[in-house]
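Numbering (the working numbering), first residue to last: 1 to 269.
Hints listed in this document are in silico derivations from the structure and should not be mistaken for laboratory results.
A hint or two may mislead.
Unchecked claim - Just the calculated beta-carbon pair ranges, DEER-fashion:
#	residue 1	residue 2	range
1	Lys86	Arg53	31 to 41 Å
2	Glu158	Leu73	15 to 25 Å
3	Glu229	Asn265	37 to 47 Å
4	Ser251	Asp187	15 to 25 Å
5	Asp187	Glu163	21 to 31 Å
6	Lys193	Asn51	18 to 28 Å
To be verified - Straight-line distance between alpha carbons at most 27 Å, and here's what the computed DSS-like set of lysine-lysine pairs gives:
#	residue 1	residue 2
7	Lys244	Lys170
8	Lys86	Lys244
9	Lys193	Lys207
10	Lys244	Lys157
11	Lys244	Lys4
12	Lys133	Lys161
13	Lys161	Lys244
14	Lys191	Lys203
15	Lys170	Lys250
16	Lys80	Lys203
17	Lys133	Lys207
18	Lys191	Lys4
19	Lys80	Lys134
20	Lys191	Lys170
21	Lys103	Lys2
22	Lys103	Lys80
23	Lys133	Lys2
24	Lys157	Lys134
25	Lys193	Lys203
26	Lys4	Lys170
27	Lys134	Lys207
28	Lys157	Lys103
29	Lys250	Lys240
30	Lys157	Lys133
31	Lys157	Lys86
32	Lys170	Lys103
33	Lys170	Lys101
34	Lys191	Lys207
35	Lys170	Lys133
36	Lys2	Lys134
37	Lys240	Lys2
38	Lys103	Lys4
39	Lys244	Lys2
40	Lys133	Lys4
We put the beta carbon where it would ideally sit given N, CA and C, even for glycine.
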Amino acid sequence: MKDKRILYVSSEVVPYLPETEISSMSFEAPRLVNQQGGQIRIFMPRYGNINERRHQLHEVIRLSGINLVINDLDMPLIIKVASIPKERIQVYFIDNDEYFKRKATLTDEDGNLFPDNDERAIFFAKGVIETVKKLNWSPDIIHVHGWLAALLPLYLKEYYKDEPLFSESKIVTSIYNQSFDNMLNNDLINKIKFDNITEDAIKTLDKPTYNNLMKVAIDQSDALIVGSENIPEELDAHIKASDKPTLEYKSRDEFGEAYTTFFNNSVLS
Numbered sequence: 001m002k003d004k005r006i007l008y009v010s011s012e013v014v015p016y017l018p019e020t021e022i023s024s025m026s027f028e029a030p031r032l033v034n035q036q037g038g039q040i041r042i043f044m045p046r047y048g049n050i051n052e053r054r055h056q057l058h059e060v061i062r063l064s065g066i067n068l069v070i071n072d073l074d075m076p077l078i079i080k081v082a083s084i085p086k087e088r089i090q091v092y093f094i095d096n097d098e099y100f101k102r103k104a105t106l107t108d109e110d111g112n113l114f115p116d117n118d119e120r121a122i123f124f125a126k127g128v129i130e131t132v133k134k135l136n137w138s139p140d141i142i143h144v145h146g147w148l149a150a151l152l153p154l155y156l157k158e159y160y161k162d163e164p165l166f167s168e169s170k171i172v173t174s175i176y177n178q179s180f181d182n183m184l185n186n187d188l189i190n191k192i193k194f195d196n197i198t199e200d201a202i203k204t205l206d207k208p209t210y211n212n213l214m215k216v217a218i219d220q221s222d223a224l225i226v227g228s229e230n231i232p233e234e235l236d237a238h239i240k241a242s243d244k245p246t247l248e249y250k251s252r253d254e255f256g257e258a259y260t261t262f263f264n265n266s267v268l269s
């Protein structure tokens with residue numbers, strides 16, 4: 001992966017949030033590419049329960065200050081950055097007081113999904129893309145982890161389809177078993193339609209369940225990785241039906257060589 005540019009977009013990354021399958025792989029995969037001489041950028045949300053002082057986050061003024069329109073409302077985008085100790089890896093944080101100031105990630109203290117998680121997902125997708133545009137950094141691969149990041153492939157292929165910076169980028173989405181119960185806000189599909197995204201691309205989101213959200217990500221990706229040993233049967237069937245290059249599940253001990261081979265031979269070839 002020497003000299004390849006890979007953009008990692010994840011809903012969670014170690015050491016900023018507790019260790020899960022997603023947060024661990026969102027650290028291990030970039031570290032692997034970094035060690036191989038690749039160029040990487042990592043993006044995640046700046047949830048309010050991330051300790052900014054301990055992790056030495058600081059705002060990047062030159063990247064902050066634009067407004068993103070979410071469902072006809074102007075929402076200020078704030079970009080912060082930190083470095084993972086000992087790894088020389090920079091992580092960019094997408095922030096906004098309305099969406100990410102609360103001292104929690106995706107659910108309240110009773111385990112209920114926040115009602116604005118749908119808008120947070122749209123804001124995160126747009127915020128990442130707008131920031132990468134400002135960096136003028138054209139990735140060879142964009143690797144997506146976690147359902148809060150799952151709208152990124154859709155926005156890249158639809159809303160930003162004429163953006164030359166991403167014209168050669170390949171989108172890879174990892175599918176995990178880390179889901180949510182019930183549904184996101186029922187109005188999600190209309191909020192996406194507000195961005196003039198074709199109804200055909202999002203009709204699955206009439207019911208914004210975890211499986212349907214990930215189906216849209218699968219449909220809009222160029223290649224797929226099964227990130228959990230067991231994923232929902234419905235998603236497994238959708239992956240197979242997509243007929244896209246797919247890397248089956250690999251444990252943390254064996255993923256390194258498999259990821260490298262998959263990226264070089266199936267994604268970039």
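Results of checking the hints against the structure:
no.	hint	in the structure
1	Lys86 <-> Arg53: 31 to 41 Å	19 Å, violated
2	Glu158 <-> Leu73: 15 to 25 Å	20 Å, holds
3	Glu229 <-> Asn265: 37 to 47 Å	23 Å, violated
4	Ser251 <-> Asp187: 15 to 25 Å	39 Å, violated
5	Asp187 <-> Glu163: 21 to 31 Å	27 Å, holds
6	Lys193 <-> Asn51: 18 to 28 Å	38 Å, violated
7	Lys244 <-> Lys170	12 Å, holds
8	Lys86 <-> Lys244	36 Å, violated
9	Lys193 <-> Lys207	15 Å, holds
10	Lys244 <-> Lys157	16 Å, holds
11	Lys244 <-> Lys4	22 Å, holds
12	Lys133 <-> Lys161	13 Å, holds
13	Lys161 <-> Lys244	20 Å, holds
14	Lys191 <-> Lys203	13 Å, holds
15	Lys170 <-> Lys250	21 Å, holds
16	Lys80 <-> Lys203	34 Å, violated
17	Lys133 <-> Lys207	32 Å, violated
18	Lys191 <-> Lys4	35 Å, violated
19	Lys80 <-> Lys134	14 Å, holds
20	Lys191 <-> Lys170	26 Å, holds
21	Lys103 <-> Lys2	39 Å, violated
22	Lys103 <-> Lys80	17 Å, holds
23	Lys133 <-> Lys2	23 Å, holds
24	Lys157 <-> Lys134	19 Å, holds
25	Lys193 <-> Lys203	10 Å, holds
26	Lys4 <-> Lys170	12 Å, holds
27	Lys134 <-> Lys207	34 Å, violated
28	Lys157 <-> Lys103	33 Å, violated
29	Lys250 <-> Lys240	17 Å, holds
30	Lys157 <-> Lys133	15 Å, holds
31	Lys157 <-> Lys86	35 Å, violated
32	Lys170 <-> Lys103	34 Å, violated
33	Lys170 <-> Lys101	32 Å, violated
34	Lys191 <-> Lys207	14 Å, holds
35	Lys170 <-> Lys133	16 Å, holds
36	Lys2 <-> Lys134	24 Å, holds
37	Lys240 <-> Lys2	31 Å, violated
38	Lys103 <-> Lys4	36 Å, violated
39	Lys244 <-> Lys2	25 Å, holds
40	Lys133 <-> Lys4	18 Å, holds
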